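Chains C and L, in that order, give the protein sequences.
The C-terminal position of the first sequence is numbered 838 in my numbering, with every residue numbered one higher than the one before it.
The C-terminal position of the second sequence is numbered 1270 in my numbering, with every residue numbered one higher than the one before it.
FYI, nobody ran anything at the bench for these hints, they're computed from the structure.
All values derive from a computational prediction rather than experimental measurement.
Treat each hint with caution, since some may be false.
[Claimed, not checked] Which chain L residues face chain C? A few, computed with CB under 7 Å, are given here: (1) K848; (2) C1180; (3) F1224.
[Stated by the list, open to error] On the chain L side, residues computed to face chain C include the following (Cβ under 8 Å): (4) L1029; (5) E1173; (6) K1182; (7) P1185; (8) G1189; (9) W1192; (10) P1207; (11) G1214.
Positions of the beta carbon are idealized from the N, C-alpha and C atoms, including for glycine.
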Amino acid sequence: MPEVTAKTDLVTVTIDDVAVQVKPGTLIIRAAEQAGVYIPRFCDHPLLDPVGACRQCLVDVASPAGPEHKLRAFPKPQPACTMVVTDGMVVHTGATSEAARKAQTATMELILGSHPLDCPICDKGGECPLQNQAMMVGRDDSRFSGTKRHYPKPLPLTANILLDRERCVLCQRCTRFAAQIPADPFIGLQGRGAKEQIGRFDPAALGFELTAQQGTVQEDEVAWGERTVEGQPFASYFSGNIVQICPVGALTSADYRFRSRPFDLVSLPGVAEHDSSGSAIRVDLRRGRVLRRLAAHDDAVNQEWLSDKDRFAFGWQTAPDRLTAPLIRDGGELREASWPEAIAAAAAGLAQAAGVGVLPGGRLTLEDALAYSVFARRVLHTDDVDYRSRPHSAEETAFLASQVAGSGLGVTFEALTSGAPVVMAGFEPEDEGGIVFLRLREAVRKRGAKVFSIAPFASVGVQRLGGELIPALPGGEAAALTALTEASPAGAALKAADGRGVIVVGERLALVPGGLTAALAAAARLGAKLAWIPRRAGERAAIEAGLLPGLLPGGRRLGALSGPDAAALAPLFGTDLPAAPGRDASGIVQAVIDGQIGALVVGGVDPDDMPAPAEARIALDRAFVVSLDVRRGPVAQYADVVLPVAPPLEKAGTFINWEGRLRPFGQGIATTALADGRVLARLAQALGVSDLAELGKPGLTHDFFGALGAPAARVAAPAVPAAPAPVPPGHGQALLATWRLLLDAGSCQDQAPHLAATQKLPVALVSPGTAQANGLTKGGVEISTGRGAIVLPLRIAPDMLDGVVWAPANSGASRVLPALGACGGAVTLKPADTKEVG
Amino acid sequence: MTTLTPVLTKRWGKANSWRLAEYQADGGYQAARKALTMEPQAIVDLVKAAGLRGRGGAGFPAGTKWSFLPKPDGGPRYLVVNADESEPGTCKDMPMLMADPHMLLEGMIITSWAIGCHHAFIYLRGEVVHVYRRLLRAIEEARAAGILGDHVLGTDYQLEITAHAGGGAYICGEETALLDSLEGKRGQPRLKPPFPAAEGLYARPTVINNVETISQVPPIILGGADWFGSMGTEKSHGFGIFSLSGHVQRPGQYEAPFGVTMRELIDMAGGIREGHKLKFWMPGGASTSMFTEEQLDLNLDYDNVIQAGSMLGTRALQVFDDTVCVVRVVSRWMEFYAHESCGKCTPCREGTAWLRDTLCRIEAGGGTPADMDVLGDIPASIGGCFCPLGAGAPLALNSSLKYFRDEYEEHIRLGRCPFDRAATTAFNGEVA
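Only chain C is shown next, with the shape it has when bound in the complex (with noise of 0.2 Å):
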């Protein structure tokens, strides 16, 4: 947003010759670029505390002083990157001064002094700041006749980022931004001197020697979350920033490492699938294919940060199992087929079936969920449509259809970062919204801002938040949110921030009775305002296209259409909506297993994921199902027709992130893939729906939306008592408190070697009351129910609740809907042997 600023409340600094008028506080470097003026620097980072280190930016500063303003110049060089400028100040360069440029050069002797200058073997080569800045005022031969450092290369910090230290020019930015910006210090300096060097403890590094007692630690003991997969420390979700912040060689990734040449790349601007924050992101492609990705700038949403699944997950747009033709049923087997014979068997399938109901799936872009909604209204003539293939209810429901659909810009990352307390309910913001953790950070670090939690324990996310816990049960979260007054802290600070606080609330909410009713009344209450963050990429498209069952796009109810309302819905949508309200995604399942629906045409849906995996599976099996999928996904067994549909790399389309914003992207690379929409198009066609061939097309999708206006009848918000707070089952029991990790199983992270080694340990979290009671001590735990077990180690959360027992959703061991059938309510709990787990 445009801030505007009175001349007066600005100062005026001169730099090299150019005048700037700038905000009081402004550093010089900062000051330098907005006069056009780059001055060379390598710890400097603008979303990095200043530090000073590198001593690259030195410049000449003459600052009025005395009671005459006289003009009094520095007796030396100062750093650019910490030093504030005052009114009237006169800067000169390395561009404008001697003395500047001196000791420009002089620094840059220094850092090149122990510099391997392997530039033509080094990955950062034709991208890299030293370089850059080398040629910009370095010496032209270097007087350095000594030893360099050298060191075994390289040194994984993690199983994904690797560091070669003689590369290494200490500019402690890496260390910096673990320290400050996730909160994840897992490096640090070490050493000192010429010796220092970046790298987490390692005594093999260092050179030390522990003692016997003091290198074995208790694996047991470890706080969870400490350990990956392979047992390393755990690392970061955001460590791949630090290989992008590098300004040198230093740091790279497993991925990238030796795999191009910066100037064989083609970088295009993209936004990145993974989660609903719609971080922005700059894709970097060789010959077609993509090598890497990497944050681009964007103030509004992801800064200049990603996370690791952002960045490093994009190799499934290529898995081996990419669909790239039709396939049909044929004698019980699936086959190839060319689209005519395809989109015929599909749409001969659909238009015999009893009633079709459909299931497009949480990532779709507004392009293609607008055609699945017009799809589904029009040419099936069904409001058997849910796009949402988890846990879900009627409240929420309601909630998303009069809340969220057609509120546009809600909620932003602006409003959640001013400073102003946060109270989450529902919500992990480090497992479940990314960037939205690292803004939350940002909020608490720069501006003061208390976050709440309401939740069984306050994970490691919360904790690197600073955030204060208010604790629930598993089914608490409704009472804990009904409970939120002015009596409370957290009520107490959301009334006092005056229409300034947020509530959080994630998907998982909508499993808690009441729980978004609550929320609301919540934010009413206590003058906050309310924001839902979902985790997939599609949710917040997929409500605004009327993706829900009695839900019309832009938040219109159906069946309640106004002129106006069905007059910009016709051309699209025709005269002839359903009438009442149709099922919603698990009673769309219902409904097949019960006959009443014969046909499915599915999204990039995963059983595993439906609220009741088993039932999910059976209605798959049962109905005739078009499925349309990028790869061959675990719909395939059971599909009937296979239409292969694009990765977002592959078209243009525009996701929507949890605020509302539009992500518009282009098409990365040209394929013959189709997006779903328009594979819906074609469908659309065969099953006799002639006007519909634009529909998917980013033209279409926008003029539709640019044409309609505020809805005349919404859905009613939802009405539903907040369930009580539980009781703790009795002994053997536990309430299940589950949710997803940022990396885990998920199918779009699974061509991500290294990533995936850097996957938190999955374990079970009990309190010690609970290990108690329960007779678990050191090793493993089984959890339990009618349906199935999943075993997996213990650890003690010295802070949960007792009568609880957390287990990651889907990570290793740990598929909690598929094995347990649930993802709340009582568990059993026993000891289990730990030699079979971990």
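Guided by the hints, dock chain L onto chain C, whose structure is given.
Frame of chain C; chain L shown alone:
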């Protein structure tokens, strides 16, 4: 003729001088008792009027430093005593703490009262375990006697003193690195502003002073500003410990008023080693520019020494006679700086290592004429460093080039060191 003025060192020779009973028998803690009856501001004003300047090296007026603290806001304020004495040649604070730790504690009580501090710290360099033990014992004694604790000297004033032993890093003598280290972090200098007076220990208002500075507070309380100002020079009031080491007959601590000359001090120390003459001397530790005979009659105070091109620093006066190879001395110091560079900033980290390698190579006979360029230019490059410790690292080298450039060139020309090493260390007619 200047004479010695033993105040700080007065009790050093006494038996059990470090014990509380002996200290009290000699009138110890009378100054603190008096101070606790004074308004805190009156103490600050008195110390300002006395003109006590920081004895840690920089010479900043102590009372002025104390008055930089913001107004009390109900939160904690801290006094931190810098006892991380690590500057090469400097050896005044450790003997002070060995011989008379209660004098420091008394000074800390007075200063803490003056600035509104209830928990003061002593940051001691980690290697001196014997000093640490003595300091801990002194604090223990003082607490047991009710001199520290909830009722300091029977008043309602509360004060705890914690002695903390560092890990043995030169950088932790820099006040902000000291604070980081005291907080349990890696000791590296902090960006200023904020200055410690505003955001020091645990981001609270903090006064950091040297052992000797704080130890001078009790005599000022008892003797008054005029008494203190009657000693020293116009801008450097009072007295200080001048530590003479090296090629003098009687190395040691000489407590004298500011303005004393090196010639006088060398005379007090019995003159230069028999049969030799002075070659050069360091006025304030290894991080200052060296002097030669030319400056023997310079009145040693903060400003005179700066005017003469060096710094009085810690008054670590190191004397080198004509047997000494200046390349060797400077190389050893550079090895120290390269080893002790904290690594935060490029110039100090890389520059000191480069200079060390070059100097050691020249000393060993492997120098080339091109090395003289490096010796000439790299010190200026280090000048762009983060903290004053880096800036001080090449000063001895620079000044040695000014006085003894030919000696470096001779090493390079000959391909060896022209000096007899054994002669440097042979004392009292020993045969090398």
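Verification of the supplied hints:
1. The interface hint given for K848 of chain L is broken, as the beta carbon of that residue sits about 39 Å from the closest beta carbon of chain C, more than 7 Å.
2. At about 5 Å, the closest approach between the beta carbon of C1180 of chain L and any beta carbon in chain C falls short of 7 Å, and the interface hint on this residue holds.
3. Contact between F1224 of chain L and chain C, as hinted, is supported at the beta carbon level, the nearest pair being about 6 Å apart and thus within 7 Å.
4. Because the smallest distance between the Cβ of L1029 of chain L and any Cβ of chain C comes to about 6 Å, under 8 Å, the interface hint for this residue holds.
5. About 10 Å separates the beta-carbon of E1173 of chain L from the nearest beta-carbon of chain C, more than 8 Å, and the hint is not met.
6. Because the smallest distance between the Cβ of K1182 of chain L and any Cβ of chain C comes to about 5 Å, under 8 Å, the interface hint for this residue holds.
7. Against a cut-off of 8 Å between C-beta atoms, the interface hint on P1185 of chain L holds, since the closest Cβ of chain C lies about 5 Å away.
8. With its C-beta approaching chain C no nearer than about 6 Å, G1189 of chain L sits inside the 8 Å limit, and its interface hint holds.
9. The beta carbon of W1192 of chain L comes within 6 Å of a beta carbon in chain C, closer than 8 Å, and the hint placing it at the interface holds.
10. Here the hint on P1207 of chain L is broken, as its CB sits about 12 Å from the closest CB of chain C, past 8 Å.
11. Hint status for G1214 of chain L relative to chain C: violated, with the closest Cβ pair at about 11 Å, above 8 Å.
In terms of the numbered hints stated before, the structure departs from hints 1, 5, 10 and 11, listed from lowest to highest.
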